[in-house]
Structure formats: C-alpha cells, structure tokens
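Trainee: Let's have the full structure, built from the sequences with the hints guiding it.
Sequences listed follow chains D and V, in order. Using the working numbering, you'd call the opening residue of the first sequence number 1 and step up by one each time. Using the working numbering, you'd call the opening residue of the second sequence number 1 and step up by one each time.
These are computed hints drawn from the structure, not numbers from a lab. Everything numeric in this text was worked out from a predicted model, so none of it was measured. Keep in mind that a hint or two might mislead.
[Stated by the list, open to error] Computed cross-link-like contacts, DSS-like style, restricted to lysine-lysine with a CA-CA straight-line distance of at most 30 Å:
| hint | chain 1 | residue 1 | chain 2 | residue 2 |
| --- | --- | --- | --- | --- |
| 1 | D | 130 | V | 7 |
| 2 | V | 7 | V | 80 |
| 3 | V | 7 | D | 8 |
| 4 | D | 133 | V | 4 |
| 5 | D | 126 | V | 7 |
[Said to hold, decoys possible] Derived contacts from chain V toward chain D, CB cut-off under 10 Å, selection only:
| hint | residue |
| --- | --- |
| 6 | 10 |
| 7 | 12 |
| 8 | 94 |
| 9 | 96 |
| 10 | 188 |
| 11 | 209 |
Where a beta carbon is used, it is the ideal one built from N, C-alpha and C, also for glycine.
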Amino acid sequence: MSSILTCKNLSKSFGSKKALDNISFNIERGRIVGLLGPNGSGKSTFIKLCNDLLTPTSGELQIAGNVPGVETKKIVSYLPERTYLNDWMKVSEIIQMFKDFYQDFNSEKAYDMLKRLDINPSERLKTLSKGTKEKVQLILVMSREAQLYLLDEPIGGVDPAARDYILDTIISNYQENATVIISTHLISDVEKILDDIIFLKNGQVVLQKTVDDIREENGKSVDALFREVFKC
Amino acid sequence: MLGKLLKYELKATGRLFIPLYLTTLIFAVINRFLFPLNNFGEKSSAIYGIAMTISMFIYVTLIVGLMVMTLIVMIQRFYKNLLGDEGYLMFTLPVQSHKHIFSKLTVSMLWTIVSGVVAFFSILIISTKAVSMTEVFSTISTALIQFQQDFGISAYLAGFEVIVLGILSLASTILTIYAAIALGHLFNKHKLLISFGMYILLSTVSQIITSIIGIIFFSQPLFSPGGSLIPAASLANGILLGSIIYTAAFAVGYFILTNYILKRKLNLE
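Mentor: Shown next, in the form of structure tokens:
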C-alpha cells in the first residue's frame, strides 16, 4: 500500500536555529502513529509543515503524493495545540461552517458526539470553558472522514477522565484506511492505542519502530523506552 | 470557495455594522423631529437647548464611532482572523491564500462605502428641510452638463473614471494596511507596533514616488509635439487614466506582497 505521508531530508530553520534537521521517513495508511519527543523537539513544527502553515527550508514533504496545499487540506484533518474557535459563533454555526468548507464532514457524527458529551449546540463558543472548547475542536476534527488526522497534543489540556473518552473518540471515529498521527509527551496515556512511534529529539528522528517490535526487542513499554532515550 | 469565504466574512462583520447603522439612522430621525435645526430660535428654552446639545453630541459620537469602527474592524479581521489563533482554522481550510485576502478586502471595501453612505444619509436626514430628491438630482445633472461644457470631456466618462479611481484608491489603502500588518507579522516581537511603523513607511514611500512622478509629469510642456496646446479634455482624461493605472499598480503590488508573506512566510504563534 502506498504511504500517506513521506518526507525526505526535510529541514526547517528559524533564523539560525534548526527546528527540524534533515528528517526522512514514511508513514503508511491505516496506522496510529505517536510522534513523541520532549518540548521543543520539533513535533509541532513538523505538524505545521504538514498543514502548510510553515514552508520547509529544504527537503521534500508529500501527503498522498501532493505537497501541502489546497489538495492536501481536503484530506487532512488537523487539531492544533491551541483553540482556534472564534468568539461570535454558536456551536451549531461552526459545525455548519465545517460542513460548508469540508466535503468529508459528517454533521450527524458531530451532533452525536456533542450529545454524548453534553454540549449544547446552541451555546455560543465564547461562553464555553477551555476544556469544553478543546472537546468541541476535537469533535469538529474527528467528524471529518479524512485520510490523515494530525492531532497536536490532543489530550494536553483536559482532565484524565476526559482523556480516555478522547482517545476512545479517536480510535472509534476513523476509518480503517485512515492514518492518525498524535503528537504528545504524555506517552503512558496514549501508548495503548499506538501502532507505531517516532521519537524526535532536537529536530532529528532518533527512532521509528512499531510498538510491537519495541515490546519484543526491547522488552519494555514505550514510556520506559522514552525515559531511557531522553534521559536528562 | 470564495463565495463561502465572503459569506462568513459578511456574517462576522455584519453583526457589528448593521446594528450601528440602524442606531445612527434612527438617531438621525429622532434628531430631525425633536430638534429641527431650522426652528432653533423659536423655542429656545434652556432645557430645550441642553437636550438638543446632548442629542447632537450623541449623534456626532455615533458618526465618529462609525468611522473608527470601520477602520478597526478592517484591521482586526485581518490581524485576528488570519494571523491570530483563528488563523489555524482559516489557513487549514482548503482555500488558496489569495482568496482569503480577496474576501477580506472586498468586505472591508463594502463596509467602508456603506458607512460613508449611511453617514451621508443621516446628515441629509438631520440637516435638510425636506429637500426633494428630484431637486438634488437636477442640481447634480446641471453640474454634470456644466462640467462637460467647460472641459469638453464627457461627464459620464469622467464620472465613471472618478468612481473607478475612488474604488481603486480605497482598495489600495486597505491593501497597504494589510501589507503593513503582514510585514509586521514577520517579526517575533512588537508585531502591532512594527506593523504601524510599516504602514507609515509604505505610505511615505508611495507618497514620494507619487510626488516624483507628479513633478516629472507637470514639468513637461503642455504642448503636443506639433506645437499646439494640448486640449483640456484630453489632458483631464489623461490625468485620470494615468492615476487609475498608477493606483491599480500599487494595489496589485501590495496584494502580491501580502499574498507572498501569507503563503510562504506565514508563522503563526
């Protein structure tokens, strides 16, 4: 099967600082991939490059055979690490907006999840708490039937009880052929749903493996391996 | 997709402008009937005077507020919706960046024009003693005929050119603001302050270029190569057409600059 995402010698610098330094890897379809690394390792930079929010300094990046742009935005569903909701719409209006702009958006799914999370669709975004806003964003992102989901710190701001629900939402809402990339440093929480991991350190890939291989070859959990690799 | 962007841009801004327009017009009508300007002398008791002053003050505040808000919304929609946190949503919609600029520009121009029209009508409501509209139009058409006689140039053509020039100048001004904000965004600190500085820089540069071109143009002798005086009609026409091309060039330049920054140099926080 063809890769959903390939990058070759990809670098991104901000001034003299290298945020990503010559990284190369492929990500296959149908996988849940953990993009793991400490703060400042280049996780968000990579995800922003995939979303055309940044332009690479050098190297190549392709999603389903296209460089990031209008075509890839149609098939990539992105959850940024901050809230991007405006303060004047109602929940139902932003759902309508997603439906207007993304052909793969399934509003039924969105309303269903809102109901389960007890969020009132006629509520204004402005009046929602920070945690609820994050849930609304996750609902918007997961209600798309996308080919690639890019989730930047999806569980960072919510309480542990909501984390489990969010992870359940992620695994129960993507189709077989779709790929999910989750960037996080809260490894023990996401470990159980991951198929593959990519460790990033100082802008470089230090390890790319399947979780099964890690358990077999290293005889330890991803969390334990992470602590070993990134020991201070 | 452009249509959808325009729709949401209108929704986001209309909710601010429409109530203000209605308030302004309603207040103008109230002023018109409670305190007609022309019979001020008749019932000039102190209380009447104070009430009228307060009412006029509120009205003037509304008009000033209308102008200020048009400018602030123009800046804020670009800065906050595209370059702030909301940019994470806007720039991951499957839409090219130039369509974002175009939709913001179109809607900003629309509100600037409507704000002007609303202010103009509210002044008409307050100040005129039931001037009939036919009178206004007949005055305008007399002026146009006079213009045609004096300059020998078709008033309709000149009027059309003036309108085109006005619209282009508006677009160019707004695009200068966008370009300044986009340039300011390239810096990591003091973005708004630098944007303000960039605006002053950009407008100064364009002023200097305008002056140089003006000096070169008007230092030319007003004679055609054959030695006869260039007729006023073709001179006026030439100046208008030249200004149109010149303003359009600036607008296009700022549009390209802004689009380049949004597309290649975007760096959301």
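Trainee: With reference to the structure, classify each hint as holding or not holding.
Mentor: Going down the list of hints, with the structure as the test:
1. D/130 to V/7: Answer holds: residue 130 of chain D to residue 7 of chain V is near 28 Å, not above 30 Å.
2. V/7 to V/80: Distance of about 18 Å is within 30 Å: holds.
3. V/7 to D/8: Since the Cα atoms of residue 7 of chain V and residue 8 of chain D sit roughly 40 Å apart, the hinted pair is violated (cutoff 30 Å).
4. D/133 to V/4: Distance ~24 Å between residue 133 of chain D and residue 4 of chain V Cα, so the pair holds.
5. D/126 to V/7: Between residue 126 of chain D and residue 7 of chain V the Cα gap is close to 21 Å, so the pair holds against 30 Å.
6. 10: The hint is violated - residue 10 of chain V has no Cβ within 10 Å of chain D, the shortest such distance being about 13 Å.
7. 12: Because about 6 Å separates residue 12 of chain V from the closest Cβ in chain D, which is inside the 10 Å limit, the hint holds.
8. 94: The hint holds - residue 94 of chain V has a Cβ within 10 Å of chain D, the shortest such distance being about 4 Å.
9. 96: Residue 96 of chain V check passes; min Cβ-Cβ to chain D is 6 Å, inside 10 Å.
10. 188: 9 Å, holds
11. 209: Since the shortest Cβ distance to chain D is 31 Å, the answer is violated.
Checked against the numbered hints given earlier, the structure breaks hints 3, 6 and 11 and satisfies all the rest.
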